Amino acid sequence: MPFIELKNVIKEYRNTHALRGIDISIEKGQWLNLVGPSGSGKSTLLNIIGCLDSPTSGGIVIDGADISSFSEDEMAVFRREKTGFIFQQSHLIPYLSAVENVMLSQYFHSMADEKEAMEALTRVGLGHRLHHRPSQLSGGEQQRVCIARALINSPQILLADEPTGNLDRENTKNILELVKRLHEEEHFTIILVTHDPFVAQWGQRVLTMEDGRIKCDEFLCRL
Amino acid sequence: MRRKWFLFFFRRSVSQRKGRVAIASAAVTLAVAVVTAMIGVTFGIREKLGTELKSYGANIIVSSDKGEGFDPSLTDRIRSIAEVEDVTGQVLGTVIINRQQLEVIGMDRGRAKEMGWRLTGRWPEKENEVIAGISLKAALNLKEGTAVSVSKDDNTREFIVSGFIEKGGTEDMAVIMSLKQAWSMYSGEGRLHTLLVRGRTGMIEQAAAKIRELLPDAEIKTVRQVAMAEEALLGKIQMLMLLVTIVVLTATSISVASTMGANVLERREEIGLMKALGASRSGISIFYLAESVLVGLSGGAAGLLVGAAAAQAVSKGAFNSYIGMPVYLPFISMIMGIAVALVSSWFPVQNAMKYDPAVILRGE
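Note that the protein sequences, when read in sequence, are chains F and W.
With positions in the first sequence counted from 1, the corresponding number in this note's numbering is that position plus 113.
With positions in the second sequence counted from 1, the corresponding number in this note's numbering is that position plus 1339.
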């Protein structure tokens, strides 16, 4: 049984059809990249899988649970327990240090643990920037904090929406190498949205979307 | 442990928004100060008014229809059955002083002090001391310590005037002496001519009816003018206080709500992020509502101090004396501060809980 299974998922916003019947299966531990032009529905699909949004119709089963009919509270619990998010903008709390931003994620999950948060930041190469505020960190460093924050509660799914969209090529590569290393170590499932062909090469599968539909589904030989 | 981290993140959050918290606290301070001052002054006015009105006498007057007078023990009986504020008895009569026929009022010395009369000199302390109305001072050329010869029929006694009272009524032309002294001038010893009853505001007619049941032969009059004036004035003061309170609380609530609304709007991204991290609605709301409680507590405490000071300043100006504040006032002020802050921020916070994190975090 696939870890994530979507059947005829439709999402409509008033008169806009963001998703027009998506059917996909994703195995546990797979790294799936969602690519496609702006407005193709890739971010909507990511948000629905991550329980940040709910579908208009269709079935979504993740790890045996039908999340398509989840209430708002159940969606919050699902996000807390199963997912970790990385966004294009870092969305770090500006008045908290790097380690405190990671601890905030722990706080909402269960219990803040400073030592564990510091270890997580050290793993992403920020052991020397633990107590710096976001404004004192570079874009690449901010994304590293986001990765540490997303993975601190050991989620089963890492959802990344254009995580390297604001970074230059070198920082993009560094971030992707970091994600690859962590993926190999922890075997979480990755769904990553990008429109950058360089980023799309990283991972095991690329799903190309267009106008709310899956245009192409290909498995890569890399990784 | 969880509380420790809640307080940690809460402190960090508030320290970032000292300005907004200060503005909201100032608005709550203003509201609490005005309402605290209103309550304080109203309470004080009630107390002062009660004292002032007491000087105009009782609001129920009971006199003996047959002229036999009343037994002094009746005062306690009336107090127990009619639930009134005060009952006192008087001996009324006329005496001759310096060949002039003058009114004499015999009353309990302790009660006389409570009447709120303006006194020049001192209250009588010795057995032979009396006080005189201020008009008698000029008419008989009296001074403190002057001895006067008081006659009733063949009974003549000498008293020392220890002070003068001023009320603005017939008492100003009377000699006021103790019941014992009055009884010594009259043959009807141990009897009271008039019972002066002070019924509770709003309960005067009921008290009069109960006294009527107890003393069916007595003539019972309610001093309606005094009573009604007292009730009407207090009613108007309370109505004014209520109106001002409503206006001030509404204005403050709007101010705090707009400050909190701006605060929440400014933190949309933070709220979206918290939601993405899996925080529940209550988990997020508690951060903002705790901020409101902080605003309410600080505004309530500051408002209490400012309001109490303002009430004292008003009282000093109006009555030339300070007023006693009700003991429950600090409690009311703090509760009011917290309630205003909580109610005002409830709707902006609930509105913020409807934010779609996916939309906010995309930067839309």
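Please keep in mind that the hints were generated in silico from the structure rather than gathered at the bench.
Any given hint could be a false lead.
As the list claims (entries may be wrong) - Listed below are the simulated DSBU-like cross-link pairs for lysine-lysine, each with C-alpha atoms no more than 30 Å apart in a straight line: (1) 120(F) <-> 1343(W); (2) 1452(W) <-> 1549(W); (3) 1655(W) <-> 1693(W); (4) 1482(W) <-> 1465(W); (5) 286(F) <-> 120(F); (6) 228(F) <-> 1482(W).
To be verified - To be clear about the criterion: a stretch of chain F counts as covered by chain W if any three or more of its residues have a C-beta under 8 Å from a C-beta of chain W, and this derived list gives those stretches: (7) 222–236; (8) 251–258.
No experiment lies behind these values; they were computed from the predicted model shown.
The beta carbon of each residue, even a glycine, is placed where N, CA and C say it ideally should be.
Legend entry - Hint check against the structure, violated hint numbers in rising order: Checked against the structure, the hints that fail are numbers 1, 3, 5, 6 and 8, while the rest are satisfied.
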